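Number of protein chains: 2
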Amino acid sequence: MVIFTKIAVVGLGNAGLPLAAVIADSGQSVVGVDIDRHRCERINRGENPIPQEAGLDQLLKMHGGQSLLATADFSDAASCTVFIVIVPLFVDDMFNPDFCILESAFRSVGSILKEGDLVVLETTVPPGTTDDKVRSWLQSASGLSSGQFFLAYSPERIMTGYSISRLREFPKVIGGADQESGIAAYQVYRQFIPNLKLVSSARVAEMIKVMEGCYRDVNIALANELYRIAEELGVDFAEARAQANHPYCHIHLPSTGVGGHCIPVYPWFLIREMERRECFDRCRLLRLAREQNDLMIDHWAQRILLECMRVDKPLGQVRICVKGITYRQGVKEFHHSRNLALAHLLAKKGLDARAWDELLSKEEVEAKGLRWMLPEDADIVFDSFELEIRLR
Amino acid sequence: MVIFTKIAVVGLGNAGLPLAAVIADSGQSVVGVDIDRHRCERINRGENPIPQEAGLDQLLKMHGGQSLLATADFSDAASCTVFIVIVPLFVDDMFNPDFCILESAFRSVGSILKEGDLVVLETTVPPGTTDDKVRSWLQSASGLSSGQFFLAYSPERIMTGYSISRLREFPKVIGGADQESGIAAYQVYRQFIPNLKLVSSARVAEMIKVMEGCYRDVNIALANELYRIAEELGVDFAEARAQANHPYCHIHLPSTGVGGHCIPVYPWFLIREMERRECFDRCRLLRLAREQNDLMIDHWAQRILLECMRVDKPLGQVRICVKGITYRQGVKEFHHSRNLALAHLLAKKGLDARAWDELLSKEEVEAKGLRWMLPEDADIVFDSFELEIRLR
Chain Y
6 MVIFTKIAVV GLGNAGLPLA AVIADSGQSV VGVDIDRHRC ERINRGENPI PQEAGLDQLL
66 KMHGGQSLLA TADFSDAASC TVFIVIVPLF VDDMFNPDFC ILESAFRSVG SILKEGDLVV
126 LETTVPPGTT DDKVRSWLQS ASGLSSGQFF LAYSPERIMT GYSISRLREF PKVIGGADQE
186 SGIAAYQVYR QFIPNLKLVS SARVAEMIKV MEGCYRDVNI ALANELYRIA EELGVDFAEA
246 RAQANHPYCH IHLPSTGVGG HCIPVYPWFL IREMERRECF DRCRLLRLAR EQNDLMIDHW
306 AQRILLECMR VDKPLGQVRI CVKGITYRQG VKEFHHSRNL ALAHLLAKKG LDARAWDELL
366 SKEEVEAKGL RWMLPEDADI VFDSFELEIR LR
Chain V
6 MVIFTKIAVV GLGNAGLPLA AVIADSGQSV VGVDIDRHRC ERINRGENPI PQEAGLDQLL
66 KMHGGQSLLA TADFSDAASC TVFIVIVPLF VDDMFNPDFC ILESAFRSVG SILKEGDLVV
126 LETTVPPGTT DDKVRSWLQS ASGLSSGQFF LAYSPERIMT GYSISRLREF PKVIGGADQE
186 SGIAAYQVYR QFIPNLKLVS SARVAEMIKV MEGCYRDVNI ALANELYRIA EELGVDFAEA
246 RAQANHPYCH IHLPSTGVGG HCIPVYPWFL IREMERRECF DRCRLLRLAR EQNDLMIDHW
306 AQRILLECMR VDKPLGQVRI CVKGITYRQG VKEFHHSRNL ALAHLLAKKG LDARAWDELL
366 SKEEVEAKGL RWMLPEDADI VFDSFELEIR LR
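Those sequence lines, one after another, are chains Y and V. Each residue of the first sequence is one higher than the one before, counting from 6 in the working numbering. Each residue of the second sequence is one higher than the one before, counting from 6 in the working numbering.
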């Protein structure tokens, strides 16, 4: 059975664009909505704005401006019957989610929503968001009542660089705000997602995605703790980890902490909700893992300081280069970057700490409030991805 | 190259006996030493004292009393050149390891140790034990100096019921107290351990085993925390977990906590050592995971109490049956059993809590300080393995 629908994908960012391209490639007609007009024009010319995304070039060359039409204007999606929303959810300085982008997107969808349409959210959100917030935004903007449209949630599980293969191979879950919505959403999605699993509710689907992030964060905190214990005991952690891991043991890699828009953020979705409900004892491990990961920059600052004492110069004159300040190697992004925070921490301690990054120009480093320097001009280089301190 | 040796295995318990049998089955001559004379006699008659251990029956029938000779007398092992020690290490009430059994075993080995002999420890121990304690016990009991005998560490990775297949298939690590010891031990072990990996030191090998336990404990604590969050949010944790897990996500099962001789103990090996070194900030996650797992009985007590309020009886007269008080289903052991602790906790709160266990008689339940009752006679049954509270 093929269901003829016209699908709108709202948000053509790193997660939304690969999804829109895969849907178009399945033979569906897709309207992609994004506030970035320039990006829309490029997509319609068949250009790929995410070159690191394997396979996306080819899909956009084939479908951009054809079966995938990008637009900045919601009214161009008015004839669609399925609306997939995949826009960012940011958090404030206290890690409280800021729903304004989501609300704006859903109110725009609501303004063109018709009876019988299906709306699916893909952005990772605190469990309960679809049932509570999204439903009420849509109702108030559309004037429709709850039973007059279908509403579901299906978390994106992409990974930059592998998004196309993730969509085509990796298991994807979908859950409805009610049973009919779940079934309707499943029937639409299975036309372009081969490995799809219908779960009992939107809330369960939301929880699934957040739990994955919590697993990662807590296990990175554990790896960092075991790394520091091994250091104290004079044990090579990398060697121990390599042999400790087997099909029932998955000790993660140590790091300077956890950066990016995902893993350091998702645990807070649960922590803040538990705090709001005064269930302080139900989120202690998630909270401590967050804290310990964030404190890893203090550990590295101490290690670097100890190394500085071996240089035959007054401490304030030892030239320190932090090599790598993006949050992850090979990705030019800074959100919650612990490497960037480490460079600032060292400078704040009064040390002559500067930075270098293979992805950044001198000006780009300086725009982050740091001084730039070549690693070869430093007395001490801290490689934040390899976790190596080199005395030159 | 076959090295002709006579191997002593010291400790014929659940871990030592399968190892001794596998070594005998590889064609080596083995002397098994155990303080339990009755157990030795049974083994020498070809009887299997661990019936739940798949494949052990056959090995003992073939080799017991033949190439595997069990004895309670260390002098019977005097002609051996390899000594493998695999005796229990218990902890006291404050989870400080009590080395007295290990020390006694090594001093006995030391009393018959000859120049050129190899000693290998298999018991899970705090990193550094082989280098420091074991070496000095052997030296003082044998009168030999450090370089006159070989010393190594190879942690057992058995699992009751699967020990034979674990020894024959699962990767096993071995590390020497010095380089020569590592190589000598590797050459002996690879004659009966097909999947063997030489690591750089005994200390690394010790750390590997302890880290595995820490991974398990922290991940069980995480599962318990996510379980309680899901409960608060009205999400079916089992469903969410089933779909969250994939090749990069391994969320564990929730429980009443963690019992047994292994997982609840190993994290303390690192915690206590870090505390001794005043590195309190290097073990916070391990400590909290221990605490949260141990506190799970309070969570279940609360859940049971809420259920009691639905019974039309005064609270103190509601008949509660805790079904399952051993530390793990199907294993008749109580060490650090949280299920047993939960039954006691409920009784201490003044509730009419009694216990039933499929592996235990009425007398055996009563010997644990609990009153016995059939589940069908209770108003409320808590199944401690299924985590189900049933109102009857």
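To be clear, the hints were calculated from the coordinates, so they are not data collected in a lab. One or more hints might be untrue.
[As the list claims (entries may be wrong)] No more than 20 Å apart at the CA atoms, straight line, and that leaves these computed lysine to any residue pairs for SDA-like:
1) V:Lys202 with Y:Glu237
2) Y:Lys138 with Y:Ile117
3) Y:Lys202 with V:His251
4) V:Lys202 with Y:Asn53
5) Y:Lys202 with V:Lys202
6) Y:Lys202 with V:Glu237
7) Y:Lys337 with Y:Ile117
8) Y:Lys138 with V:Gly239
9) Y:Lys138 with V:Pro252
10) V:Lys138 with Y:Gly239
11) Y:Lys202 with V:Glu244
12) Y:Lys202 with V:Ala247
13) Y:Lys202 with V:His255
14) V:Lys202 with Y:Ala247
15) V:Lys202 with Y:Tyr253
16) Y:Lys138 with V:Glu237
17) V:Lys202 with Y:Cys254
18) Y:Lys202 with V:Lys138
19) V:Lys202 with Y:Asn250
20) V:Lys138 with Y:Lys138
[Claimed, not checked] Just a sample of chain Y residues kept apart from chain V, beta carbon distances all over 10 Å, derived:
21) Leu74
22) Gln192
23) Ala210
24) Glu217
25) Val223
26) Gly239
27) His255
28) Asp286
29) Arg289
30) Arg315
Because the structure is a prediction, the values reported are computed rather than measured. Think of the CB as a built atom: it goes at the ideal place given N, C-alpha and C, for glycine as much as any other residue.
These are the hints, each one checked on the structure:
{"no.": "1", "hint": "V:Lys202 with Y:Glu237", "verdict": "violated (24 Å)"}
{"no.": "2", "hint": "Y:Lys138 with Y:Ile117", "verdict": "holds (18 Å)"}
{"no.": "3", "hint": "Y:Lys202 with V:His251", "verdict": "holds (13 Å)"}
{"no.": "4", "hint": "V:Lys202 with Y:Asn53", "verdict": "violated (47 Å)"}
{"no.": "5", "hint": "Y:Lys202 with V:Lys202", "verdict": "violated (40 Å)"}
{"no.": "6", "hint": "Y:Lys202 with V:Glu237", "verdict": "violated (24 Å)"}
{"no.": "7", "hint": "Y:Lys337 with Y:Ile117", "verdict": "violated (36 Å)"}
{"no.": "8", "hint": "Y:Lys138 with V:Gly239", "verdict": "holds (17 Å)"}
{"no.": "9", "hint": "Y:Lys138 with V:Pro252", "verdict": "violated (32 Å)"}
{"no.": "10", "hint": "V:Lys138 with Y:Gly239", "verdict": "holds (17 Å)"}
{"no.": "11", "hint": "Y:Lys202 with V:Glu244", "verdict": "holds (11 Å)"}
{"no.": "12", "hint": "Y:Lys202 with V:Ala247", "verdict": "holds (11 Å)"}
{"no.": "13", "hint": "Y:Lys202 with V:His255", "verdict": "holds (18 Å)"}
{"no.": "14", "hint": "V:Lys202 with Y:Ala247", "verdict": "holds (11 Å)"}
{"no.": "15", "hint": "V:Lys202 with Y:Tyr253", "verdict": "holds (18 Å)"}
{"no.": "16", "hint": "Y:Lys138 with V:Glu237", "verdict": "holds (19 Å)"}
{"no.": "17", "hint": "V:Lys202 with Y:Cys254", "verdict": "holds (17 Å)"}
{"no.": "18", "hint": "Y:Lys202 with V:Lys138", "verdict": "violated (55 Å)"}
{"no.": "19", "hint": "V:Lys202 with Y:Asn250", "verdict": "holds (13 Å)"}
{"no.": "20", "hint": "V:Lys138 with Y:Lys138", "verdict": "violated (62 Å)"}
{"no.": "21", "hint": "Leu74", "verdict": "holds (33 Å)"}
{"no.": "22", "hint": "Gln192", "verdict": "holds (19 Å)"}
{"no.": "23", "hint": "Ala210", "verdict": "violated (8 Å)"}
{"no.": "24", "hint": "Glu217", "verdict": "violated (5 Å)"}
{"no.": "25", "hint": "Val223", "verdict": "violated (5 Å)"}
{"no.": "26", "hint": "Gly239", "verdict": "violated (7 Å)"}
{"no.": "27", "hint": "His255", "verdict": "violated (5 Å)"}
{"no.": "28", "hint": "Asp286", "verdict": "violated (8 Å)"}
{"no.": "29", "hint": "Arg289", "verdict": "violated (6 Å)"}
{"no.": "30", "hint": "Arg315", "verdict": "holds (22 Å)"}
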